[in-house]
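Number of protein chains: 2
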Amino acid sequence: MSGKSAPGTRLDRWFGAYAARTHGLKSSETRALFAVASRPEVVSLAGGMPFLDALPMEIIAKVTADLIATEGAVALQYGNGQGHPVLRGHITEVMAEEAIQAHPDDVVVTTGSQQALDLVTRIFIDPGDVILAESPSYVGALSVFKSYEAWVEHVPMDDDGLVPQALQDAISRLKAEGRRIKFLYTIPTFHNPAGVTMPVDRRAEVLDICHREKILVVEDNPYGMLAFDGSITPAMRSMDEEGVVYLGSFSKTLAPGYRTGWAVAPHAVREKLVLASEASILCPSHASQLSIAAYLETCDWRGQIADYRDVYRIRCEAMLESLEEYLPQCRWTVPKGGFYTWVTVPEGINTNAMLPRATTALVAYVSGTAFYADGQGSRHMRLSFCYPTPERIREGVRRLAGVLDKEIDLVAMFGPHATGPGRDVHFPAPDIV
Amino acid sequence: MSGKSAPGTRLDRWFGAYAARTHGLKSSETRALFAVASRPEVVSLAGGMPFLDALPMEIIAKVTADLIATEGAVALQYGNGQGHPVLRGHITEVMAEEAIQAHPDDVVVTTGSQQALDLVTRIFIDPGDVILAESPSYVGALSVFKSYEAWVEHVPMDDDGLVPQALQDAISRLKAEGRRIKFLYTIPTFHNPAGVTMPVDRRAEVLDICHREKILVVEDNPYGMLAFDGSITPAMRSMDEEGVVYLGSFSKTLAPGYRTGWAVAPHAVREKLVLASEASILCPSHASQLSIAAYLETCDWRGQIADYRDVYRIRCEAMLESLEEYLPQCRWTVPKGGFYTWVTVPEGINTNAMLPRATTALVAYVSGTAFYADGQGSRHMRLSFCYPTPERIREGVRRLAGVLDKEIDLVAMFGPHATGPGRDVHFPAPDIV
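Sequence lines, in order, name chains X and L. Numbering follows numbering that gives the first Met the number 0, in which position 357 of the first sequence is assigned residue number 356; successive positions increment by one, without gaps. Numbering follows numbering that gives the first Met the number 0, in which position 197 of the second sequence is assigned residue number 196; successive positions increment by one, without gaps.
Hints are supplied without guarantee of correctness; some may be wrong.
Claimed, not checked - With a cut-off of at most 25 Å between alpha-carbon atoms, the simulated SDA-like pairs for lysine to any residue come out as follows: (1) L:Lys335 - L:Thr359; (2) L:Lys145 - X:Ala98; (3) L:Lys174 - X:Ala18; (4) L:Lys61 - X:Met56; (5) X:Lys145 - X:Gly15; (6) L:Lys25 - L:Lys335; (7) X:Lys213 - L:Phe14; (8) L:Lys174 - L:Ile214; (9) X:Lys174 - L:Tyr17; (10) L:Lys25 - L:Glu40; (11) X:Lys174 - X:Trp150; (12) X:Lys61 - L:Ile58; (13) X:Lys335 - X:Ala98; (14) X:Lys25 - L:Asp104; (15) L:Lys61 - L:Arg330; (16) X:Lys145 - L:His266; (17) L:Lys25 - X:Ala267.
Just so you know, these hints were derived from the structure itself, not from any lab.
Extracted from the complex, chain X is given alone in its bound form:
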């Protein structure tokens, strides 16, 4: 056959044997860029990595050593598929901070909340089923949804998050078309990437719509405890026990290296999640679970989270001040917590096309297209303020402004296609979550 051949066909002896779902797995073309972006001279405003230097490492080292020395034969052994009961108990205490009342039996411990997302998608999604998600939505969720051949329908947001009327309209339209809507995926607090938070009354409105339309809500909440002012917005799960699957994580409030997250689900759903998890990994890591349990028992974790909040508040302020100073031609969201702001660039600019030039100018971000299932988003970019110091954030935004000014000049001279078509971000590199 002449013309284009499918990539890898000639080199891959097993090409003809892959499952249908595998043909949707594409490597992100931006990986090479991110490899460049990880060089120390590049200011990365791309990553979602927490700033772990704020952790009491000596204490964690001691707690972990004590655990292995005294309980190693348990901590290094297989556990059960649902997760260790002691950690599940601690998780209910953590969630109580966000007004969630749950029993340890309701909790399923997972390999990061990414695995919880995978399990929820696995048990609910047949190819072609519809998942409602914010517009934009979390890149890692979109990649799971795609891997199960779901159709993602983006629902508009404003500065208060998901717009209820838009949600209702989308549901009515899809149902009229005979589509099977399986769940709404939402990050109501300190949204990734949008940086916005849904107020309580709007949460109630969204829950009402979903209840009426018999649509499950999957609430993803890794950032809820990272409000800059220490305030708490009650989780949607605290307002509806039977209609919400809640996903939590220690990755942003403690450390991602343990790969420990969890799901809280209505009883019957929780049973399916455990069975799916056992088929997939047998059981979550005892070493990680019991290390975290020992940490929570021994250390002032509430104080440590308060330290994290202060770090990220100061960095967010540096980000917002730099945007005002250097990027007055853009718009951005003003987060009250979490890791990200969502920036809209002037018309005609393509953030995908601009990314290689930004990297050359030693600054990195994630282009908005990563956060849509349908190729939208090239007028947006996500800037994260979680990892670099305030000084580096200012320097990064200053460099970005230089790149953007040149793009604007190019567009003014040669029109909006002057900057090239850009690249697709299909799958998350783990360092951009």
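Using the hints provided, position chain L relative to the given structure of chain X.
Chain L alone, transformed into the frame defined by chain X:
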């Protein structure tokens, strides 16, 4: 509707929303039995848990504490989807012990080899595709295969493992029926549950058949380094780089609590595995990976594995002697390594039906039906000798003999149905792997 309703329908608001694959997820009825079996007064010959008391816990505690104190900001951070390059390097050294030549780039680190199995199945299996597997086969693999709606075709074994002619016959028959065979799943060394090992010449024969028929071989090898005499049978991967996906694990040679295993795959397949893993868990645990790397760098891991071998050799001898003494009416395989022997009980006895009575008599095993996708196996049971002491093993087999004698009496008096139909084992409890 009158008549039987699907279980859970009335209690589960989301029952109608599950994916097709989820209806195959069934809870094992034997879970309650295993809960009973975990009481200390029960001798469990059911578990596949390694005997961790043989590990140098004080040293592991110190190595781990040093790691967190000096490199905590890396060890507790996100990693990349393929796994840490340093650990991948160590994994190639471990595999070199079994004659495998691989580059660190060929290795994908996973959340236990169970996740590797999940990923291989995910990228290759569409519903209805055929997987060839030994008869019997590993319960955890069967549960993954089932969760992706694969058809498992069992291929007969003898005391030298998979029978090549039977493999060829099965392939020819299935191809004549127009079935799509995706891969052969095999545990060639110290098979779980059969306890047997495929000699090198037979490995070559099986590889030849699969090469000729263009069928991928998935070689699962968690026990290969646990030969009682310290000998090594070359892995199938050492004989064929392009036709084999190899699965390895630290769960049996070091400790399962880290949930760290790996896959080695031809280049193009490896790329798909990494993408599928990123969608599923983002990245494997840095904490686990770097703890293991530090252990391998600091400790005499070859000596520790030699200690494990001695422990299991002595326990296997206790098992085989006890079987000779107490269960002369049964047949069993004679393992040269690993954790298990496969016992065949007299005709008319149903090991499923017998299990509750065995548990009441304070001894537990896994009924043979767990190791077949099609309900066979009720004349078999897997006895494991990895976890209890030699004294407990003898006591366990003695108790089992008492139970079996009563079953034989019952059958002699009332016929083979006197002992009841037994229960299905659908999914692995993590403690029986």
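Consistency of the hints with the structure:
1. Our distance criterion of 25 Å between C-alpha atoms is broken by Lys335 of chain L and Thr359 of chain L, whose separation comes to about 31 Å.
2. Distance hint between Lys145 of chain L and Ala98 of chain X is unfulfilled; the C-alpha atoms sit about 39 Å from each other, more than 25 Å.
3. With a CA separation close to 18 Å, the supplied pair Lys174 of chain L and Ala18 of chain X stays within the 25 Å bound.
4. Of the pairs offered as hints, the one joining Lys61 of chain L and Met56 of chain X holds, with about 14 Å between alpha carbons and a cut-off of 25 Å not exceeded.
5. Between Lys145 of chain X and Gly15 of chain X, the direct Cα distance comes to roughly 20 Å. Compliance with the 25 Å bound is thereby established for this hinted pair.
6. For the suggested pair Lys25 of chain L and Lys335 of chain L, the alpha carbons sit about 34 Å apart, so the restraint of at most 25 Å is broken.
7. In summary, the hint linking Lys213 of chain X to Phe14 of chain L is supported, as the alpha carbons are separated by about 11 Å, within the 25 Å threshold.
8. Between Lys174 of chain L and Ile214 of chain L, the direct Cα distance comes to roughly 11 Å. Compliance with the 25 Å bound is thereby established for this hinted pair.
9. Of the supplied pair hints, the one linking Lys174 of chain X and Tyr17 of chain L holds, its CA atoms being roughly 18 Å apart against a limit of 25 Å.
10. Restraint check for Lys25 of chain L and Glu40 of chain L: not satisfied, since their Cα atoms lie roughly 29 Å apart, outside the 25 Å limit.
11. For a cut-off of 25 Å, the pair hint linking Lys174 of chain X to Trp150 of chain X stands: about 14 Å separates their Cα positions.
12. Using a Cα cut-off of 25 Å, the hinted pair Lys61 of chain X and Ile58 of chain L holds, with the two alpha carbons roughly 13 Å apart.
13. Only pairs whose Cα atoms come within 25 Å are accepted, and Lys335 of chain X paired with Ala98 of chain X is accepted, the gap being roughly 19 Å.
14. In summary, the hint linking Lys25 of chain X to Asp104 of chain L is supported, as the alpha carbons are separated by about 19 Å, within the 25 Å threshold.
15. For a cut-off of 25 Å, the pair hint linking Lys61 of chain L to Arg330 of chain L is broken: about 46 Å separates their Cα positions.
16. With a C-alpha separation of about 23 Å, the suggested pair Lys145 of chain X and His266 of chain L falls inside the 25 Å cut-off, and the hint holds.
17. Between Lys25 of chain L and Ala267 of chain X the alpha-carbon distance is near 12 Å, which keeps this suggested pair within the 25 Å criterion.
Against the hints set out earlier in the document, violations occur for numbers 1, 2, 6, 10 and 15.
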